[in-house]
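One line per chain: the protein sequences are X and C, in this order. Quick note: the first sequence uses the numbering used here, first residue 5, plus one each step. Quick note: the second sequence uses the numbering used here, first residue 12, plus one each step.
FYI, nobody ran anything at the bench for these hints, they're computed from the structure. Glycine included, C-beta positions come from ideal geometry on N, C-alpha and C. It cannot be assumed that every hint is accurate.
Computed beta-carbon distance windows for the label pairs [unchecked claim]:
{"hint": "1", "chain 1": "X", "residue 1": "Ser140", "chain 2": "C", "residue 2": "Leu39", "range": "25 to 35 Å"}
{"hint": "2", "chain 1": "X", "residue 1": "Leu339", "chain 2": "C", "residue 2": "Leu161", "range": "27 to 37 Å"}
{"hint": "3", "chain 1": "C", "residue 1": "Ser250", "chain 2": "X", "residue 2": "Arg165", "range": "55 to 65 Å"}
Quick partial rundown of chain C residues pointing at chain X, CB under 10 Å, derived from the structure [said to hold, decoys possible]:
{"hint": "4", "residue": "Val24"}
{"hint": "5", "residue": "Ala68"}
{"hint": "6", "residue": "Asn480"}
{"hint": "7", "residue": "Pro484"}
Facing chain X, from chain C, some residues (calculated, C-beta under 8 Å) [claimed, not checked]:
{"hint": "8", "residue": "Asp72"}
{"hint": "9", "residue": "Ala77"}
{"hint": "10", "residue": "Val108"}
{"hint": "11", "residue": "Ala228"}
{"hint": "12", "residue": "Glu231"}
{"hint": "13", "residue": "Leu234"}
{"hint": "14", "residue": "Val505"}
{"hint": "15", "residue": "Arg509"}
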Amino acid sequence: MALAPDAASAKAAEGLVSDSKWVSLGADSDALWGECKGSGAKPYQTQVDLAALAARCSCPSRKFPCKHGLALLLLYAQKHPRLAQSERPQWVNEWLSSRKEKAEKKEQAASKPADPAATAAAAAKREATRWKRIDSGAADLQRWIADQFRRGLGKFGPEQRQEWSAMAARMVDAQAPGLGNQLQAALDAMSAGSGRYEEVIERLGLLQLLIEGVCRREQLSATRLADLRTALGWPHDKDEVAEHAEDVSDDWLVLGQIVQQRDEKLSERRIWLRGCNTGRYALLLDFAFNGKGLEGFWRAGASHAATLKFYPGSAPLRALATGQSASQSKSWPQLSAYDAIERASHWFARNPWLPQVPLVLNQATPTIDGDVCKLHTEVGVLPLRVREAAAWTLLAFSGGQPIDVVGEWDGRRLLPLSAWRSGDNRPWVLDNDGVAE
Amino acid sequence: MSAPWLKQALVGVDSTAMLSGNGEIDALLAQIAGQGDDAALAFSRAAGAMTACRLAAVSFDTPAIALPEPAAADTNALDESHRWSSWLTLAFAQGPVRLQYEACIRIAAVNAVLPSNLLPQALEAGKRSQALRAALLPVIGHRGRWLARLNADWRFAMDGMTEIDAASDPKAWEEGSLAQRVAYLRQHRARDAAGARDLLQQQLSEMPAKERQELVAVLEHGLSADDEALLESLLKDRSRDVRQLAARLLASLPHSTHAQRLIAWLAPLLTHKRGLLTRSWQCEAPEQADPAWSSAAIETTRPQHEALGERAWWLYQLVRQVPLSWWVSHTGMNAGELLAWAAKSDWKAALYRGWRERVGSADRDWIEAILTARAKEFASGNAELLAMLPTQARERHWPDSLDKLWKSGALPDVIASCAPGETLSTEFSRALLSDLHGWLDSDRLRHDYGLRAHVLELATVVHPDSLANWRPPLRRDDETPALAECIHDLERIVATRRALYA
């Protein structure tokens with residue numbers, strides 16, 4: 005159930021866990037499959053690769069795994085009799101073997117002794133082209149931001165909204181999607197009304213700093229350049245990271261996680277970890293695109309022994325997990341709130357372009373004041389970024405008593421991901437629909 | 012960011028205004044301004060610098076607000092891993108209300124309260140449905156009441172401490188809300204009828220009409236001849252509703268002077284003819300309005316949209332205040348015979364309507380007679396009559412086949428006659444359920460939206476013992492989504508109820 009992208013899928017999956025829904029079912033040691041009655045004419049073909057716990061389904065749902073995949077797994081967990089050993093149908097074979105092929109191809113490509121000089125030259129050329137595009141986009145953006153300030157943000161109407169959207173799209177064209185996202189976030193804040201003007205100015209200001217960075221990239225240190233690239237939305241190659249990264253092995257406690265829909269086809273999953281021995285914080289960031297599910301299973305409160313390879317940057321948080329295995333569960337860390345905000349300050353001081361940093365606040369009490377949900381801690385009161393329904397469940401969870409809260413601090417509000425009561429190992433977890441604008 | 016910044020940004024940056032931050036950052040800002048750029052560009056650079064600095068200075072307000080008192084612990088809360096918990100979550104999220112009601116009753120029966128994760132949904136369900144509240148309030152626990160204090164929508168849960176708490180606290184009478192005062196008076200009336208009446212009498216003159224009406228209605232419980240004096244005085248109350256209420260209450264005291272007066276007015280209209288071979292009763296409506304009637308809350312002017320004619324209107328008002336027992340004793344006919352006799356009279360509509368209003372839960376034979384008569388005047392309101400009968404007695408009036416119930420339109424009445432928390436008898440339920448299985452197998456529900464809704468409600472009122480033999484319906488390949496949803500909900504309701512009683 006933890007694989008479920010949200011509560012609605014989980015509920016829908018439960019509804020499908022009944023014999024009558026499945027026209028055919030089958031399993032073998034590597035995979036599960038079935039055909040499920042849906043609202044279309046033909047039944048949907050669903051299959052699950054047991055080794056990777058990845059699902060694929062012919063239904064039009066955009067969620068991964070979809071409710072049919074989840075239902076199949078539930079039936080498997082319930083050891084449903086119809087999921088017995090049987091002959092693999094053609095379509096299951098096709099998918100599994102194409103997966104194998106892809107995996108093999110990847111291996112082959114990796115093992116093939118490529119001509120190092122040629123590959124390096126090709127890579128360098130691609131990089132140069134991309135920087136050129138980014139330069140051009142950044143120059144346009146700088147002019148445009150100055151125009152906005154000159155004109156004044158006060159006059160903002162549907163025309164301006166169009167203009168801002170178009171500019172965000174232009175950034176994506178210039179291969180700097182990070183700039184586009186920041187601009188889109190500024191546009192959302194603008195549309196929310198005068199209460200968030202300050203935020204808009206700040207976001208535009210940070211965009212300007214990014215542009216400065218782009219202009220002066222030759223003079224930047226390697227880590228600063230890494231910050232810049234991440235902020236621009238230019239991902240570092242996973243394999244390169246794996247090779248050159250800083251390794252940290254530890255028992256990692258899962259603090260909390262969230263899956264957010266980025267747009268039509270893309271969703272983003274963030275999992276926050278804390279090393280029990282090193283006290284190091286880490287972020288596992290994955291994307292799911294149109295059929296490729298999120299892999300891996302991380303439950304809030306569980307501990308996993310793993311080696312994390314951190315991406316480069318001035319305030320390294322994002323990491324890749326390797327060699328993950330379950331370990332004994334650890335007790336919740338006793339951290340002082342002062343230390344927590346000190347740490348957050350340091351992260352932002354080193355890299356102001358971080359979208360969010362983790363905050364662990366112990367002994368915090370949530371309250372509701374009008375329609376604003378706030379968290380009272382020994383270091384002050386923070387506004388929370390939750391929808392009303394989620395705010396009430398958090399309040400019901402606390403009952404006015406202090407609880408330990410983990411969330412993402414973005415410089416303005418805290419997005420609470422999970423909360424813990426002392427002496428209770430069932431946490432409150434944010435529903436994926438509970439994030440406010 | 013201070014006001015000058017905001018103003019510049021909103022209005023338009025036009026000159027190299029000296030924007031200041033505080034302390035050390037001013038040096039940086041001066042440097043930026045000094046680069047001789049275009050003012051807007053300088054502004055955006057400065058904004059960037061300011062933001063980077065602000066982000067690095069994570070600090071929060073420390074307003075001097077006192078936190079609300081935390082809720083007391085609920086030691087008897089159901090654990091989240093309790094076997095009911097997933098069913099309860101679905102019940103509160105999707106209803107129906109009767110199922111939620113039953114769940115609350117069962118939780119109370121095991122001396123537990125709702126787990127905290129269900130409280131917001133349960134309180135929302137209580138907000139939407141008044142009927143649910145009586146069962147909900149005892150199981151929300153301290154935490155539920157604590158939550159209710161924080162949310163205006165859930166105030167109903169806050170006011171109510173359970174009825175017992177409210178009622179035994181004399182402060183509720185002095186300072187409470189109307190609902191609390193009604194509850195208090197009701198409790199008091201149950202313990203000490205006379206005392207409650209005196210309490211009410213003392214404060215009557217100060218109360219507004221609505222309060223008077225609600226509190227006087229409490230006197231219906233334990234009504235006795237001693238209340239006559241107070242009620243007589245209320246016949247002259249300023250408010251029409253209160254007068255009508257007092258008249259109705261007085262009329263149910265057969266030996267009160269009020270009832271005697273009414274009988275005196277009515278009796279002459281009922282004449283007994285003695286023919287050669289037969290004896291029959293005749294009933295005539297009054298020819299003229301008697302001015303003395305106004306002291307008995309009888310109105311002489313007929314309301315505009317009243318279906319009855321003027322004389323019938325007067326007759327009806329007289330009839331509805333005369334105790335039913337008088338009719339039986341005066342004419343020697345029993346309830347059934349009286350109904351049959353009235354059916355042939357010119358004044359049938361007035362008689363029937365008057366009698367119907369007088370019928371109370373004590374008048375068993377009248378209820379039975381009305382139900383058997385199946386006159387069209389009684390067509391609506393059957394559910395109320397049925398509700399006045401005990402469950403076993405009701406079922407004798409219904410065919411025990413779903414088909415017949417649906418065709419005669421009685422199925423909604425069957426369901427409506429069960430108060431929240433009441434169920435049908437086991438045998439009746441078993442019969443209906445086996446018919447339901449037949450319907451499901453024969454695809455009867457496919458096209459009938461109304462029927463599907465009733466079937467779901469039916470599942471909530473059948474006796475829990477009858478669910479032991481429930482078998483899941485066969486699913487078909489060509490189910491419509493609506494039908495599939497109906498069957499899914501049906502199975503959920505059955506499974507939930509079985510779990511609650513397992």
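* Under 8 Å, Cβ to Cβ, is where Arg509/C needs to be relative to chain X, so tell me if that hint holds or is violated. => 16 Å, violated
* To do: Go through the hint on Ala228/C and say holds or violated, using the shortest Cβ distance to chain X against 8 Å.
  => Because about 36 Å separates Ala228/C from the closest Cβ in chain X, which is outside the 8 Å limit, the hint is violated.
Quick check on Asp72/C please, does its C-beta sit within 8 Å of some C-beta on chain X? 5 Å, holds
Can the hint on Val505/C be confirmed by a CB-to-CB distance to chain X that is less than 8 Å? 13 Å, violated
Cβ distance range 55 to 65 Å for Ser250/C and Arg165/X, holds or violated:
58 Å, holds
Agreement of hint Glu231/C with chain X interface, Cβ distance less than 8 Å
39 Å, violated
Checklist entry - Taking the CB of Ser140/X and the CB of Leu39/C, does the distance hold inside 25 to 35 Å? => result 29 Å, holds
- Hey, does the Ala68/C contact hint survive, CB to chain X under 10 Å? 6 Å, holds
Does the interface hint hold: is Pro484/C within less than 10 Å of chain X, judged Cβ to Cβ? Check passed: Cβ of Pro484/C comes within 9 Å of chain X, closer than 10 Å.
- Could you check if Val108/C really has its C-beta closer than 8 Å to a C-beta on chain X? Violated. Min distance 20 Å.
Does the CB of Asn480/C sit less than 10 Å away from some CB of chain X?
Result: violated, 19 Å to nearest chain X Cβ.
Item to check | Hint status (Cβ of Ala77/C to nearest Cβ of chain X, threshold 8 Å) | outcome: 10 Å, violated
Hint check: violations occur at hints 6, 9, 10, 11, 12, 13, 14, 15; the rest are consistent with the structure.
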